[in-house]
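**Q** Let chain A serve as the given structure and place chains B and C on it in line with the hints.
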Amino acid sequence: MNSDHHVILRVVSKALIPVIALFGFYVQFHGDFGPGGGFQAGVIMAVAIILYSLIFGIAAAMRAITPGFVRGLAALGFLLFAGVGVWALIQGGDYLDYDALLGEEPGGHHGQHLGIMLVELGVLFAVSGSLVSIFYAFAGRVSEIRDEDW
Amino acid sequence: MLEFILERGNYWAIIGLMMIGLYIAFAATNLIKRLVGLGLFQTSIILFYISLSRIDGGTAPILYGADLESGHGDSEGVEAVAEAGHGVADAAHSGAGELVNIYSNPLPHVLMLTAIVVGVATLAVGLAIVVRIREAYGTVESDEVQEMDLSVALAEAVDEVGETQAASGAGAI
Amino acid sequence: MTGFEGMDLAVAMLNITLLAILFITAIAIARLRSLFAIVMLSGLYSLVSATWFVALDAVDVAFTEASVGAGFSTALYLGAMVLTSRSAKIEQGASKIIPLLVVIATGAVLIYATIDLPSFGDAMSAANTGVGIDYVSRTPSEIAVPNIVTAVLASYRGFDTLGETGVVFTAGLAVVLLLGFGERSLSSSLRRGRRSSADQSRQGGDDE
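Protein chains in written order, with our numbering: chain A, 1 to 150; chain B, 1 to 173; chain C, 1 to 208.
Since the hints were made in silico from the structure, they are not lab data.
A few chain A residues that don't get close to chain C, going by computed Cβ distances all over 12 angstroms:
#1 6
#2 8
#3 15
#4 19
#5 22
#6 56
#7 91
#8 92
#9 102
#10 103
Chain C regions said to be covered by chain B (calculated; three or more residues, Cβ under 8 angstroms):
#11 70-78
#12 94-100
The structure presented is a predicted model; accordingly, all values stated were derived computationally and were not measured. Yeah, the Cβ is synthetic: ideal placement off N, Cα and C, and Gly gets one too.
Next comes chain A alone, as it looks inside the complex (with noise of 0.2 angstroms):
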């Protein structure tokens, strides 16, 4: 590979990788002021660490966020998400009642608003580590195609 090929593509993607990993936050935590959340967080997430392996090549990628930890933050998000639901349920309320979390008296809204920053970060994670995992199980392979006959 030629790296004088792509010195420029190097440069503005270090400096813009952050950048969208930022911005992945900010739409997940201003998700509930304006559009946005834990779905398109994700999204935005994975993207970024995309953009990384497509540039610096995939094998730096997964040194960098290996595949083992993608994985396990498929299901830690998942298992967040449905565990704030057991968490309502001990306290006494319906599954996924955030009203209960918190055991407020009624019309209080802490608990709900705790309960949506919980189940939407464990969206972020679901969603990210499942599209990762997704993008390293194909670029894994290497084509049968040669680089030539394109």
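**A** The following block gives chains B and C in isolation, referenced to the frame of chain A:
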């Protein structure tokens, strides 16, 4: 008549797009092109749902201005009422329907938002199966895959017939 | 409807322009045979439809469609394309006529069904008077979150979203099972690639 057409022109355009997607998914023999056609079909269905949820004069379903203020005012009112021993549901209903601004229907937005993410996840499964088909057959054209399956099945059938004939021939001797 | 004037006219022109771009893109996808062009045009289709979602007041959906449709799924298509083929066979003869007839018949039936549909932007339609508007009016007092879509997604329909998250997780698991865990398949394919390139260089040496 013109009004009738203008009110439904959106739906007809979306149905046109949907049918192009269906045609690609139907006619294409290449499996990846077929999946692209299905993606077009899916996007058109999402467009249809979103255009049903639009309300004339409405905005995006994010509370702003007076509604945000009154929301907090209502919540205090709910607490006061709840302390006074009334049912929470009644208090919520007294707060309902007092919004100043008009908003689009948020429910189709929620359903379609999750449908997009689930759609890309299932698309990934489809593409993974296509990759495995390419590795097993050496092609992703569905008619070639069918031909190969058919010729293999015919060859096996001929083999079986040959074996049974040989076995019956041996029995006769 | 009170005539297309001012704002209405601008919205109508925007709708017509975006729909025209969508139609041209879709027909181009149907006629092309280079898979690379098809994949890129499907990304364009997603981006233009995301613009239309903004015009229809669905900002959250537009956000998702732009990031998923134009970003992730294009990368996914390219990844699968590299592993399979790069041009599609052009369909001809009966395999072109029969789908066309079926599609025209289906479209005609669907357009016949739209006569009963509520008009575009009708606030009194069945879809817009039921539970959706109920969520809008109850969110300020019950959830106190400005974005109603987030409130419905995470709280009112949390169980629904749990199922969707489960589907995404299961799809990721299915792809991993079909194509192998990333690191293991990478190392084995790299080993295979190195061996074949070594063979090639040896052959090249023989040729010289």
